[in-house]
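The residues making up each chain are set out below.
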Amino acid sequence: MIEVINLTKRYGATVAVDNVSFDAKAGEVLGFLGPNGAGKTTTMRILTCYLSADGGTAKVDGYDVFEDSVEVRKRIGYLPESAPLYTDMGVIDYLKFIAQVRDIPKSQRSQRIKDVVDICGLEKMIQKDVGELSKGYRQRLGLAQSLIHDPPILVLDEPTSGLDPNQIIEIRNLIREIGKEKMVIFSTHILSEVSATCSRILIINDGEIVANGTPDELAGRARGEEVVHISIRGPREDIEAKLEELSLVSDFKRVKSDDDACAYQIVSQKGQNTAEELFHFVVQNHWSLTELRQEAISLEDVFLKLTGNESATQPTDV
Amino acid sequence: MNNIAAIFKKEFRSYFNSPIAYIFITFFLALSAWFFFRGFFLVGQAVMRGFFSWVPWIFLLFIPAVTMKLWAEEKKIGTVEILMTLPIKDYEVVIGKYLASFCLLGVTILLSLSIPITVAYLGEPDGGPILGGYIGLCLMGGAYLAIGMFASTITENQIVAFILGIVMCFGLLIIGEDIVLFNAPNWIVPIFSYLGLGAHFSSILRGVIDSRDLIYYFSVIGFFLYLSVLMITVQKWR
Ligand SMILES: Nc1ncnc2c1ncn2[C@@H]1O[C@H](COP(=O)(O)OP(=O)(O)OP(=O)(O)O)[C@@H](O)[C@H]1O
Ligand SMILES: [Mg+2]
Numbered sequence: 001m002i003e004v005i006n007l008t009k010r011y012g013a014t015v016a017v018d019n020v021s022f023d024a025k026a027g028e029v030l031g032f033l034g035p036n037g038a039g040k041t042t043t044m045r046i047l048t049c050y051l052s053a054d055g056g057t058a059k060v061d062g063y064d065v066f067e068d069s070v071e072v073r074k075r076i077g078y079l080p081e082s083a084p085l086y087t088d089m090g091v092i093d094y095l096k097f098i099a100q101v102r103d104i105p106k107s108q109r110s111q112r113i114k115d116v117v118d119i120c121g122l123e124k125m126i127q128k129d130v131g132e133l134s135k136g137y138r139q140r141l142g143l144a145q146s147l148i149h150d151p152p153i154l155v156l157d158e159p160t161s162g163l164d165p166n167q168i169i170e171i172r173n174l175i176r177e178i179g180k181e182k183m184v185i186f187s188t189h190i191l192s193e194v195s196a197t198c199s200r201i202l203i204i205n206d207g208e209i210v211a212n213g214t215p216d217e218l219a220g221r222a223r224g225e226e227v228v229h230i231s232i233r234g235p236r237e238d239i240e241a242k243l244e245e246l247s248l249v250s251d252f253k254r255v256k257s258d259d260d261a262c263a264y265q266i267v268s269q270k271g272q273n274t275a276e277e278l279f280h281f282v283v284q285n286h287w288s289l290t291e292l293r294q295e296a297i298s299l300e301d302v303f304l305k306l307t308g309n310e311s312a313t314q315p316t317d318v
Numbered sequence: 319m320n321n322i323a324a325i326f327k328k329e330f331r332s333y334f335n336s337p338i339a340y341i342f343i344t345f346f347l348a349l350s351a352w353f354f355f356r357g358f359f360l361v362g363q364a365v366m367r368g369f370f371s372w373v374p375w376i377f378l379l380f381i382p383a384v385t386m387k388l389w390a391e392e393k394k395i396g397t398v399e400i401l402m403t404l405p406i407k408d409y410e411v412v413i414g415k416y417l418a419s420f421c422l423l424g425v426t427i428l429l430s431l432s433i434p435i436t437v438a439y440l441g442e443p444d445g446g447p448i449l450g451g452y453i454g455l456c457l458m459g460g461a462y463l464a465i466g467m468f469a470s471t472i473t474e475n476q477i478v479a480f481i482l483g484i485v486m487c488f489g490l491l492i493i494g495e496d497i498v499l500f501n502a503p504n505w506i507v508p509i510f511s512y513l514g515l516g517a518h519f520s521s522i523l524r525g526v527i528d529s530r531d532l533i534y535y536f537s538v539i540g541f542f543l544y545l546s547v548l549m550i551t552v553q554k555w556r
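One line per chain: the protein sequences are V and P, in this order. 86 is the number that this note's numbering gives to position 86 of the first sequence; each next residue is one higher, with no gaps. So the mapping is simple: this note's numbering equals the position in the second sequence, first residue as 1, plus 318.
Don't read these hints as lab results, they were simulated from the structure. Please note that the accuracy of each hint is not assured.
Which chain V residues face chain P? A few, computed with CB under 7 Å, are given here [said to hold, decoys possible]: (1) THR48; (2) TYR50; (3) SER52; (4) GLY55; (5) ASP64; (6) PHE66; (7) ARG73; (8) LYS74; (9) TYR78; (10) PRO80; (11) ILE92; (12) PHE97; (13) GLN100; (14) VAL101.
Built from N, CA and C at the ideal position, the CB exists for glycine as well.
With the hints as extra help, turn the sequences into a complete structure.
Spelled out as structure tokens, the structure:
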């Protein structure tokens, strides 16, 4: 349904999107993940015909985004980043305006408006002006606007930013629901959100796609390794010297040390019973073990590894 | 058509949702009344010539104020991103916006008809020049609006759009005025006097509506609307 081949977009010397190729079918929910300035918004803007590219092609439902842009736009519902809206219009007037331009037959307009108002929880706001809405409600109105013509493809740029936790969950459910039959592309900075809603993840870094796969596949990438968290009570130099020698351990990092105990993160190859071996190792050396646990390798680790920018992630929440 | 109508409705309404329409209408009416009655009391004659000859200069300040927000504001707050990803052609948006600003001008001019009504009451006016004057106002205002809208497509700053609009309208107005024509090299005089916005207006004011003047104004409007479409399209290649 969407086919992107070698898309490139430059802003002066900056390459915002660098030779990006991917495709997506109906029934898929595609999550764009990437640090700030990665090129997520730019890619979406090209797909929605807001910007043109410097190279490559993109097709939506068989229509070229540069040649048949009006046909493409008819099939897409788009929520831009931070939901820009006309602040001097009434909420209902705004939805009527969009419904008219979206060519919804007059007889169905009020029903469609009612539907999207319902879906986005805007009932209490319909009497207000857009300028009076809080950020979260503007976001919802932006979403309502993108849903009004029941598009086969939905492109949402950070749809959950600014929403309250209840609404975030509702929007995620909505995305999953819509994604069953249609196609949704959305971007986010919340990592748990993609694993919760996406059927496929694209991780973008510096304008390039660095990973493309299901959440399980991506988490599996890092699964060649295993991370064990261990706390040992004993002489620090001794422990570290012995850990160096241990062939099982491919890497370790001290995360905490006090008079009581030292805590380490130990990385080893998978399938070696690392935890068990470490237990014996501690006993043999007559130290005492205060904590031992296997750490789950998360999407977060994959993200950090692929984008190589530790400060890029925000704490995962909800 | 449907799309143009939708854009038109949104823009026209937005004029009346903000103070700009009211300020425009009030000031225009007040100024025109002042120019008219000043002439009336000084000359003691109920004629509208004074009023009409001032209009190009009044418009110079007012019309760019009406058009400055048309694109600059959309770009500033980002609504242009939703607007231009709706299934509308660029020219439909340009025409819809233009018509909205033109209708605001139309409403204002209609309201200012109170002056010729007063003239008719006070004396026996010559109908031709007055009718011509009003048609001239619409054409001249229409040209200014197209220029002002084009200025607004260039920038996302409304103040810059306003000033650019004034400068461009002023440029096109002044080249047809005597001050410039006297000092210009001979070969350029006919070109300038043809291109000048005001010269065509004064011939319409005499009550003769020549097709050449109509063609001139329609070309200016068409040309700047076309430039606006071009500018909007080009901006996708930023
Ligand atoms: N209008 C513009 N002019 C110049 N450079 C731009 C423009 N828009 C984006 N860029 C640059 O393009 C690159 C990609 O930006 P983009 O907005 O696509 O990132 P993003 O992945 O959406 O980031 P974020 O997570 O912060 O929203 C950045 O380096 C940015 O500085
Ligand atoms: Mg972005």
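**Study point:** Numbers of unmet hints, in rising order
**Key:** 4, 5, 6 and 11
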